[in-house]
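**Student:** Here is what each chain is made of, one letter per residue.
Protein chains: 4
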Amino acid sequence: MGMIGGGPGAFIGAVHRTAAAMDGLIELVGGAFSSDAQKSKSMAGALNLPAERVYGSWQEMIEKEKALPANERMDFVSIVTPNHVHFAPAKAALEAGFDVVMDKPMTFDLAEAKELKQIVEKTNRYLCLTHTYTGYPMVKEARQQVANGALGAVRKIFVTYPQGWLSQFLEGTDSKQAAWRTDPSRSGIAGAMGDIGTHAFNLTEYITGLQVTVLCAQINIVVEGRKLDDDGAVLLQYNNGATGVLMASQIMAGEENNLTIKVYGEKGGLVWCHEDANSLLLKWLEAPMQTLRAGTGYLSDVAKHNTRTPSGHPEGFLEAFANHYRNFALCVGAREEGRQPKEEWLDFPSVDEGVRGMAFIENVIASGKSEQKWTKFEV
Amino acid sequence: MGMIGGGPGAFIGAVHRTAAAMDGLIELVGGAFSSDAQKSKSMAGALNLPAERVYGSWQEMIEKEKALPANERMDFVSIVTPNHVHFAPAKAALEAGFDVVMDKPMTFDLAEAKELKQIVEKTNRYLCLTHTYTGYPMVKEARQQVANGALGAVRKIFVTYPQGWLSQFLEGTDSKQAAWRTDPSRSGIAGAMGDIGTHAFNLTEYITGLQVTVLCAQINIVVEGRKLDDDGAVLLQYNNGATGVLMASQIMAGEENNLTIKVYGEKGGLVWCHEDANSLLLKWLEAPMQTLRAGTGYLSDVAKHNTRTPSGHPEGFLEAFANHYRNFALCVGAREEGRQPKEEWLDFPSVDEGVRGMAFIENVIASGKSEQKWTKFEV
Amino acid sequence: MGMIGGGPGAFIGAVHRTAAAMDGLIELVGGAFSSDAQKSKSMAGALNLPAERVYGSWQEMIEKEKALPANERMDFVSIVTPNHVHFAPAKAALEAGFDVVMDKPMTFDLAEAKELKQIVEKTNRYLCLTHTYTGYPMVKEARQQVANGALGAVRKIFVTYPQGWLSQFLEGTDSKQAAWRTDPSRSGIAGAMGDIGTHAFNLTEYITGLQVTVLCAQINIVVEGRKLDDDGAVLLQYNNGATGVLMASQIMAGEENNLTIKVYGEKGGLVWCHEDANSLLLKWLEAPMQTLRAGTGYLSDVAKHNTRTPSGHPEGFLEAFANHYRNFALCVGAREEGRQPKEEWLDFPSVDEGVRGMAFIENVIASGKSEQKWTKFEV
Amino acid sequence: MGMIGGGPGAFIGAVHRTAAAMDGLIELVGGAFSSDAQKSKSMAGALNLPAERVYGSWQEMIEKEKALPANERMDFVSIVTPNHVHFAPAKAALEAGFDVVMDKPMTFDLAEAKELKQIVEKTNRYLCLTHTYTGYPMVKEARQQVANGALGAVRKIFVTYPQGWLSQFLEGTDSKQAAWRTDPSRSGIAGAMGDIGTHAFNLTEYITGLQVTVLCAQINIVVEGRKLDDDGAVLLQYNNGATGVLMASQIMAGEENNLTIKVYGEKGGLVWCHEDANSLLLKWLEAPMQTLRAGTGYLSDVAKHNTRTPSGHPEGFLEAFANHYRNFALCVGAREEGRQPKEEWLDFPSVDEGVRGMAFIENVIASGKSEQKWTKFEV
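Residue numbers (the numbering used here), protein chains in the order written: chain P, 44 to 422; chain S, 44 to 422; chain V, 44 to 422; chain F, 44 to 422.
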């Protein structure tokens, strides 16, 4: 694995490296860790990398790695830069024959996303988009429960992604995280809706297998001086007639990161929340609520495949992240060895989820500005 | 106390009786328990009432009780009928000089509500509307925390009232509860929004001291054949610029009655939920979350006044209900003795909350039908 | 009902009055509220009682009430005094023909308890001992689950009753509660073990239907200057071979009153805790945990009988207390009318539980002082 | 790192490998994964190891690795075998100059443990004993809170380690885990007390800084045919006068692995439980409970050092394990580079904790067999 981004002070780069390392399947062999060549090279020591494989730019990395013998060069590229530096390196990597892992949202705008989809299809590479939450085993179990019809037809979907860390004007301080995430030139047209709203949106479509068709958004900039939305709520309609509500906010003071989804069908409901990620609640019309737990014997095969420890030994954010890396790496490895990937390995977010995520951003921001109640979800 | 409604099979009538009895301040002395005179009279035995004070109609009760000597007749009337039989007995009772407790929503429509407000003012009687949830001590504490500025200016309000009991077409069975609550001729223009949405709406205004000014609603009839809404979500704006989301549903299969409110300000947030009614969570930007508990010494005086037991001895729904009855009875008693009521006794929902609740119903249903995004909240 | 004790400043007297009033079955008609005749009489106003039925002593009350015509005199006596004033008024009341409700522990010592049992048998009156926690519907459900064999044979029982209110030397302040509860001349030989340990002990025998046969106790006085135990732990053996641990402490600083019991059998376990009194957790060897909830349709008939509201409308401490009063009153009423009481009405703690509770106190304190490991549980 | 044990079907070996890999500081370079040479060698492929460094026995590994040039050979040895194969390879590795990580309990018996301590001191190597739970950041925070005096003097300690997986006679099936853990020839004299009781014991001494001086144990074999204890409870006294209770059971049917500790002092209490490992509850005598959360800014430096992600991004069992590996590796690395380790790096369980753990096993089993109430804790 060669990494693009993730230099000094970055948060998500370290998460990607830890997640990739955990299962002993993936080795970090090089990187272009910063757009500042000096900063990039400064990472060699900390990461125990040979100096010659820490590059001054991602362009240099792709070019030089491609020139290495097949058994020496990196297998794939991991892109963990701010949004405005997603598309170009992904395109270059794919066209150079590398598979790609990249952070969400996939691109700077929808047009880029649709172009990237064409490139993926043309180059026939794998693209894994790290929507962390669908990596959790109990989220995968939730998807199975809905698919198996346990709840009956889905009627109602609630998802909320509460954070409080942008309750103050942090972009006026030296917070690197706040700076780029509130900057339209680096994040794109959306703030909270892009950063966390896309996770919430993706989670609803993943678990239910449904697609949003129409929406109505209230998009707010709460903190004075901020340039992008830091709070919003969206009324949703799905393609089977179900309705839903999505909330994403970064000004809910005191909240951490407790993404929560509730799905109700004719026969029962399910609840999953990030603060208790190893549990899945199943509620029933006329029977006691059940608490399904990660690592138990009664779960679906796909949930089991994405768990490393027995029940009662909590796994967390890094393991969920690692599940995407592992499944992606298993697919890449299978192709290299001419084998078919197992179906459960293919269960990582792809360029298709990336396109829908970017469409969500464009539609939700458009709706927020519209005086018209309902906005059709266009891709 | 004389009761109107609450005959055989009724749910809320028994709740009112238990709540009224609990503190030894109020005695049930008579009633007109059903529109069916026979059914009404059948309650005498079960309630240990003398046959002559169990009346065949509410008109008869008001007339005959009024004719009794002052020291014998009922002190006030409690109205626990379906919505279409709220206004007329309330009007009659007030005009006969009786104070009134009544269940929510206050009337059949907004016009009745506004007329009732005039009658209350003219007759100078007390009217207590039993919005149960504002009777809980930790809800009162939440209101104090906001009023004291602990959270800073309020920015965001989330309230959700999930129920699942109408997930099926119960009005097609012999469920008395389902029958009238889904019947426009008895409930009015709203189903879930009237029955539970009004509680949620009232709770936000009570805790924050703010008022809704604009809203945008998605109102659904999910169960086939149903005549009134059983599910909905509403985007809100408040008069200080804060925004909010309200959800109320009776088709969230497996949910019981876990009304939950979250309020966020500049400095922190608060969370109260009915399933853990004796706790109030205070969340802070840069300090640990605190769990305030009913019955402790550190609470506000108003919270303490509305608690009967030390911390760790849970009080529930009936005690919250009883708080309204007790405060109302203390006010009535004070007036009878020519004393001023204490401020904390006056803290029960009045005709003003009733008018706003009826306005909420009319505005939210209108918005649900509108293609226009924002509907101004008109009273 | 005539009350003995419960004068100014008492805690549990008010609880008894509220619990008795709640269901409209019981009326407080008189009392001897304090050993100080003036203080007793001062309660007449607050309780809306005629002055002539507020007595200067319990002896006077029993004598004068007995002399009243049958349809005027109190039906039964409720004794809510400190422990040293339990036996004598109970004996007098029973021998005067009154049924008796009394607070726990039943008497000052085991000898009194055994004598009281003989009196109850001789007089053929009902005696209800208010072990509050067995009044909760989900505790009754727990008992049913064990009795029905859902867990298989019981193997392990854990019960803990944590309080923190005696973490400081409160008996050195003006706390009336602390004063008598830490005073051997009023409480007897035990402090925490008598006040709350007996609740915990009773709860294990009630839920499992088993009896303690052997125990080993560590009994502590933690706060300097205190005369009675404020903390302890006990290893237990039951008559089917199961073992258990009981902890009761009043110096667990910050704890309120979260009595918790866990019972494990061959096939699964159950957990009930007072802080979430309306839930009962059932854990299974190879299936998801279930959360049973008060007020639902799937519960046993005895649980339903002891619930007033639908699921999701929490009932609490006062309702649990009221269940004992209601069941007792239904039995008394049945006898007066010459009917057989229903089996579910007889489900209140009786003199037998009182005797075992007093035996627990004597055995556990003896064991605490013993250098021998195991103390046989003698009654 | 070279690993001893952790072959096909082992649970804890994979945990060690994942934990070691996570932070990119440690590379698995070889191993003797099974006492069966064929099974050991079969791991080469799955672990991407060169065949020549997968050895047929641990003796061979230590000998051959020692013979490699310093920059090629393994840095340290990780021992993840059953208990009876702990001492010999640890001794050999230390004496060959390797640092050692090993699973708990440290040795087969106390005599071995004391001898191992002498070898560690003589060879001046690091020994890290993987008591997982003290690797959790909120456990480290708990230790800081006690050390800082936040709770005042510690008075009471409760620890319980509930599991249910041995509720049936699994050693009669093909469960490799159950087989050795219930076999005295491989586990030593204790079953549950050795496997999980030692964790619980260690946790109390780590958090409070106190030491057990006296104990009284009830040790049970619940499942018929089993040879070692599967359940027990222990009354404890600590060297400051505090008392405690420890419970450890593997027959609490339906329980997973929810190790829970509660510590009470003069001013307040703390609660940590494994099911909510990223929270630490602080309870106060007269102020609201606080919930401290991993990843926040208000924690101690040592808690922060042992966290990888911001608050709200849960870390779990593997990260706790990885904290021990990371701290150990940082110490080993510092010594190799001639630097002093930071104090926070030295915060991993050492041979001293190992000796006390083995002493716990011997004392607790002796007490279980004794008719004498109190057994002095001898090392």
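Hints are supplied without guarantee of correctness; some may be wrong.
Just so you know, same-sequence chains aren't split out, so a pair can sit in one copy or run between any two.
[Stated by the list, open to error] Restricting the straight-line Cα-Cα distance to at most 30 Å, the calculated cross-link-like pairs of lysine-lysine (DSBU-like) are: (1) Lys82 - Lys347; (2) Lys347 - Lys84; (3) Lys412 - Lys347; (4) Lys82 - Lys385; (5) Lys157 - Lys84; (6) Lys109 - Lys270; (7) Lys219 - Lys310; (8) Lys347 - Lys219; (9) Lys385 - Lys109; (10) Lys84 - Lys385; (11) Lys107 - Lys165; (12) Lys310 - Lys412; (13) Lys310 - Lys347.
Derived by calculation from the structure, the hints in this document are not laboratory data.
**Student:** Hint by hint, which ones does the structure fall short of?
**Tutor:** 3, 5, 6
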